[in-house]
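Asks: Residue strings, one per chain:
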Amino acid sequence: MNSKILGKNQLTKFIDEFIGEYRVFAPVKKGKIIGFDEIASGKETCLDFQNTKQPPKSVFFPQTEVLFEYKKGEKGLEKAGSGDRDKILLGMRPCDARALVIFDRFFSSGEHEDLPYLQKRERTAVVGLACNHPLNTCFCTSLGGSPFGSEGMDLKLVDLGDEYLVEILTNKGEKLVEDIKWLRDAEESDLNRARDLAEDAENAMKPKISTDGLCDKLDGMFDDPVWEGIHQKCIGCGVCSFLCPTCWCFDVLDEDTGTGVKRVRIWDTCQFPLFTKQGSGFNPRPSGKERMRQRIMHKFNYYPKDFGEFGCVGCGRCVRECPVNLDIREVIRAVMSV
Amino acid sequence: MSNPYIPNIAVIRKIITENAVNDIKTFEVVFEDPELAESFTFNPGQFGMVSYFGAGECPIGIASSPTDQGFLQFTIKKVGVVTTALHNSMEGQKIGVRGPYGNGWPIEAMEDKNIVIVGGGFAFTTLRSLAKYMLHDENRDRYKDITIIYGARNPGELSYKYDLENWGKRNDLDLVITVDKGDAEWTGREGYVPTILKEVSPSSENAVAAVCGPPVMIRFTMPVLTELGFQPDRILLSLEMRMKCGIGKCGRCNVGNKFVCQDGPVFTQKELESMPKEY
Chain A
11 MNSKILGKNQ
21 LTKFIDEFIG
31 EYRVFAPVKK
41 GKIIGFDEIA
51 SGKETCLDFQ
61 NTKQPPKSVF
71 FPQTEVLFEY
81 KKGEKGLEKA
91 GSGDRDKILL
101 GMRPCDARAL
111 VIFDRFFSSG
121 EHEDLPYLQK
131 RERTAVVGLA
141 CNHPLNTCFC
151 TSLGGSPFGS
161 EGMDLKLVDL
171 GDEYLVEILT
181 NKGEKLVEDI
191 KWLRDAEESD
201 LNRARDLAED
211 AENAMKPKIS
221 TDGLCDKLDG
231 MFDDPVWEGI
241 HQKCIGCGVC
251 SFLCPTCWCF
261 DVLDEDTGTG
271 VKRVRIWDTC
281 QFPLFTKQGS
291 GFNPRPSGKE
301 RMRQRIMHKF
311 NYYPKDFGEF
321 GCVGCGRCVR
331 ECPVNLDIRE
341 VIRAVMSV
Chain B
-8 MSNPYIPNIA
2 VIRKIITENA
12 VNDIKTFEVV
22 FEDPELAESF
32 TFNPGQFGMV
42 SYFGAGECPI
52 GIASSPTDQG
62 FLQFTIKKVG
72 VVTTALHNSM
82 EGQKIGVRGP
92 YGNGWPIEAM
102 EDKNIVIVGG
112 GFAFTTLRSL
122 AKYMLHDENR
132 DRYKDITIIY
142 GARNPGELSY
152 KYDLENWGKR
162 NDLDLVITVD
172 KGDAEWTGRE
182 GYVPTILKEV
192 SPSSENAVAA
202 VCGPPVMIRF
212 TMPVLTELGF
222 QPDRILLSLE
232 MRMKCGIGKC
242 GRCNVGNKFV
252 CQDGPVFTQK
262 ELESMPKEY
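Taken in order, these protein sequences are the chains called A and B.
11 is the number of the first residue of the first sequence in my numbering; add one for each residue after it.
-8 is the number of the first residue of the second sequence in my numbering; add one for each residue after it.
Hints in this document: simulated from the structure, not taken from any laboratory.
Treat the hints with care, since some could be wrong.
As the list claims (entries may be wrong) - With a straight-line Cα cutoff of 27 Å, these simulated DSSO-like cross-link-like pairs (lysine-lysine) come out:
hint: 1; chain 1: B; residue 1: K261; chain 2: A; residue 2: K287
hint: 2; chain 1: A; residue 1: K81; chain 2: B; residue 2: K85
hint: 3; chain 1: B; residue 1: K85; chain 2: A; residue 2: K315
hint: 4; chain 1: A; residue 1: K81; chain 2: B; residue 2: K104
hint: 5; chain 1: B; residue 1: K85; chain 2: A; residue 2: K82
hint: 6; chain 1: B; residue 1: K268; chain 2: A; residue 2: K243
hint: 7; chain 1: A; residue 1: K315; chain 2: B; residue 2: K261
hint: 8; chain 1: A; residue 1: K272; chain 2: B; residue 2: K85
hint: 9; chain 1: A; residue 1: K82; chain 2: B; residue 2: K5
hint: 10; chain 1: B; residue 1: K268; chain 2: A; residue 2: K227
hint: 11; chain 1: A; residue 1: K287; chain 2: B; residue 2: K5
hint: 12; chain 1: A; residue 1: K299; chain 2: B; residue 2: K268
As the list claims (entries may be wrong) - Coverage of chain B stretches by chain A, computed from C-beta distances (three or more under 8 Å per stretch; other residues unrestricted):
hint: 13; stretch: 53 to 67
hint: 14; stretch: 70 to 78
hint: 15; stretch: 232 to 240
Since we're looking at a predicted model, the values are computed, not measured.
The C-beta atom is built at its ideal place from N, Cα and C for all residues, glycine as well.
Next comes chain B alone, as it looks inside the complex (with noise of 0.2 Å):
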């Protein structure tokens, strides 16, 4: 048994400002132990509990995918303590990471379905993870049609152009890129996601949807996917709690008996009908 709270030390090894406010940046990060660097896994949608000593610790959702092999990113918006002095931070920093905790997105059951990715604002961290994992050349064989919904506020806000750039010359993704409102360059669509989500109206049949997203966007959104014909447990959402340790012990990201550090993120929204509307 060892001791559950002592991080592993990884250095900072590069830095991506992701929107245009500069409040939120990727921090891409090596593992001080190159022994660990290697051998560390994770599912996508899984966290790490990620520190800058002397500002405190919180849990991060790993953005980077399972191939990305030797280093993990963490896409972080500034806005606390810890976001503050990590985005402060320069390229070299130390800073501490454990995890990777809770369930992640159920990659295996997914398998051979058609996936529907929707997310909205920077909550886009874990699907990104999912979606660089299905689109891999070793796995996309392993899914069918892939179709990704990602919205932000405006087109400032959109994380990961970089990604988005590549996956819009892919052919075998369906990919809908929207803002709430564009600027005078913004030629894509408009609209909130629940609405585009409607227009865009993926079929439900041998489909899994996989959700996360800011509470308001959650709300609207899962009414439309039942109306599309997803039944409860395929539909996959990933929950925002406030957590101290990750493992299930400092007791605050319960909603009712479950912990959403342990036994979650990942809920299917046929688990979330029989838990407490505390989230």
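One chain only, chain A, in its complex shape (with noise of 0.2 Å):
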């Protein structure tokens, strides 16, 4: 498949072209933070940021999702969510969009899949944006990731300046620049460009961090007194679960709305006492200590044991939004060298 070009001053006008028949989620400035959210126009778009404070995975898989409406006096159970039109995520960092990938590798295994995801995944198109200037606080590159990474993605842009390089990596990519006929055809020269942004970008994000063997050695590590140390400074905010593109940890719960009843599922995160205690009053992880352990097992030995991937594509978030700087990339550090 041929990549485009697209200059920047057409970015709206590209933007458009898809407004209407899509429903169409793009990085917004807001005052001083950028976030996505649905736009009305191409104009709205910001694609000037680093990465957004949030990551878009709410477009999938919202903060709080209705999952049925149980109406009081008639029959039967109602469906929320169904008719909407198919959407369009733009400006997703490649960490973000191989984040989905983790997502959809877990939302789809077991004996039930997870419908509510994977509906919302199947019908919405991904429109990556490459990272020219990771911030000091990424570490896709030591997790297997790249800042020109394509995986989640169905076209992924590519900043070289006054334009865009439109990469078509899936049909459902190609499916959305087949009719815009403007767009030019790329030319050797602006892929030799994009390569060497490419080079500058892994470049920059030297050196990377040792995680050769990891899952193995967290094998034997469960007891470890290693963990008794690292948990210290956290107060357990679960800001870390909350802003990571691939924590997917839920609570459902009911809300009555007077004439019914929704059924509701919200972020929960592995860092609140709450979440594991059981009715008893036993709790298996009891402290912050059993809770941070989790977090770190699940990411680094129980994902990867499964999938055969690490769940964290080292996005940085949970690094710059930590408000006691709890930084997990020195977890990883402080495990490797035990």
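Two independent chains are provided; combine them into the complex using the hints.
Replies: What follows is the structure, encoded as structure tokens:
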């Protein structure tokens, strides 16, 4: 599939091609914060950012999501969320797009697939945006990712300065651009330029953290004293998991609407004591030590054992946003040096 | 692919108060959809996600036996929001039921073996399902000697007194009931389950032990079973965990990379030995 070239001055026009037929979600600047939101016009889009404070996982896995509604007095259950238009998620960084693949594997595994997630995923095209300038908290390359990675994307935009290279990665992506006749075909020089930028971005992320053998190493470390120290400064606020593009743990609760009942799933976190506290009062993860261990084990041991890859993409949000500066890269180093 | 979170509607047709304190009740429910009521099958040891609309949903072991046709029973202790709402319900109340989930007791692998059932407190529910299944006329021949050791804090706390009475009359099982502390009328055994298990000393030869109870009972029961010669792959344990989805998605019932809702709740002691001690 040929790559295309999109002038930066054509970005609004490009996005407007989709508005109406699709619901489009893109980075939008609100005050000082850039975050993903649904847009009504291409001109709302702001691609001048390093990464958003929150990952766009809520497009597929909303913070609160109605699973179904039960109306009082009527006979059946009413399903929520049917008849929605297809979506486009534009401007997703490679780490966050790769996180979707981690979600995909998990939510489609086991005996019961997670329909609410998979339906949204199926009906959304991802237009990624390569990272020319990774942050100093980014560590995707230590975990098998790349600032120019394409996993999880249908199209990828690469910022070439005055224009974007549009890489077509899937049939879904092809379908998006096939009717946009005014896009010019990319030339060899454009591709070379993108390759150089990719190399620069990768080089900017050195040195990598060593994660070789991390999964196997953790196998024998469940009872290691290292966990006693690691969690000490953690205050258990859960922000690391709420902002994590690969955290999907949820709670399910009922909301009485007066005329019926909505069953809602909401984000939850393994960092809260109630997460595992049983009806009897017994809690298998009674302190921060067990809860921090669970988070680390899940991403670097349990998930890799089940799916063959780490459950962390190195986006660095938990590093940037932790109120007590607990750095997951330091945790990895501490574990690796045991 | 269908939405796995949508429950089936079931109607509570009978409520049985199980204990003297009145905080444990058995709810007998029937699916509203007659086809489902007919076709629903499960293994003893599996659980359902039971919901009271407006209060929420929680995992409850199925207490009835697959040999009970057309209805399900859930024995529920009143401890939180959902269970309180259920306890306040009357017969005729519509509730939600999803399932069956989990692996259940390995009833086929247990065939042609001597069976030792060890239960404590109201965690006896799925062991009751197992016992009812094995003691059913259609199945009794497939199992050898059956020993049931069941304990509760006091006589008032013993669930399923109607079953215990029937089982006590049978000569094809060894039923041992114990209470931590008896009352004036109690003439049976007194003592904690692990102690009584040691006294009864069921043979481990060609035997499988199925255990469910509070953590403290399990902690002291396991060494006794080992002492009696039960090999780790012949000790079965049903684990308890907080759950929200029942289908391995909500992320909280894992022990290592195993989900208790999906890979369990029944594990052999051998399996547990290779898993982190986080249950």
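Asks: Each of the hints needs a verdict: does it hold here or not?
Replies: Evaluation of the provided hints:
Pair hint K261(B) plus K287(A) holds up; C-alpha atoms about 26 Å apart against a cutoff of 27 Å. Between K81(A) and K85(B), the direct Cα distance comes to roughly 12 Å. Compliance with the 27 Å bound is thereby established for this hinted pair. Simply put, K85(B) and K315(A) have alpha-carbon atoms about 42 Å apart, too far for the 27 Å limit, and the pair is violated. A threshold of 27 Å between alpha carbons decides the hint, and for K81(A) with K104(B) the separation of about 50 Å lies outside it, so the pair is violated.
In summary, the hint linking K85(B) to K82(A) is supported, as the alpha carbons are separated by about 11 Å, within the 27 Å threshold. Note on K268(B) and K243(A): the hinted pairing holds, with a Cα-Cα distance of about 24 Å set against a maximum of 27 Å. For the hint pairing K315(A) with K261(B), the CA-to-CA distance comes to about 19 Å; that is within 27 Å, so the pair holds. With a C-alpha separation of about 16 Å, the suggested pair K272(A) and K85(B) falls inside the 27 Å cut-off, and the hint holds.
A hinted pair counts as satisfied when its Cα atoms are at most 27 Å apart, and K82(A) with K5(B) qualifies at roughly 22 Å. Note on K268(B) and K227(A): the hinted pairing holds, with a Cα-Cα distance of about 18 Å set against a maximum of 27 Å. For the given pair, K287(A) sits about 30 Å from K5(B) by alpha-carbon distance, which is inconsistent with the 27 Å threshold. Restraint check for K299(A) and K268(B): satisfied, since their Cα atoms lie roughly 14 Å apart, inside the 27 Å limit.
With 0 residues having a Cβ less than 8 Å from any Cβ of chain A, the stretch 53 to 67 of chain B misses the three-residue criterion, and the hint is violated. Remark: the stretch 70 to 78 of chain B is confirmed as covered by chain A, as 3 of its residues place a Cβ nearer than 8 Å to a Cβ of that chain, reaching the required three. Here the stretch 232 to 240 of chain B counts 7 residues with a CB under 8 Å from a CB of chain A, which clears the bar of 3, and the coverage holds.
In summary, the structure is inconsistent with hints 3, 4, 11, 13 from the numbered list given earlier, while agreeing with the others.
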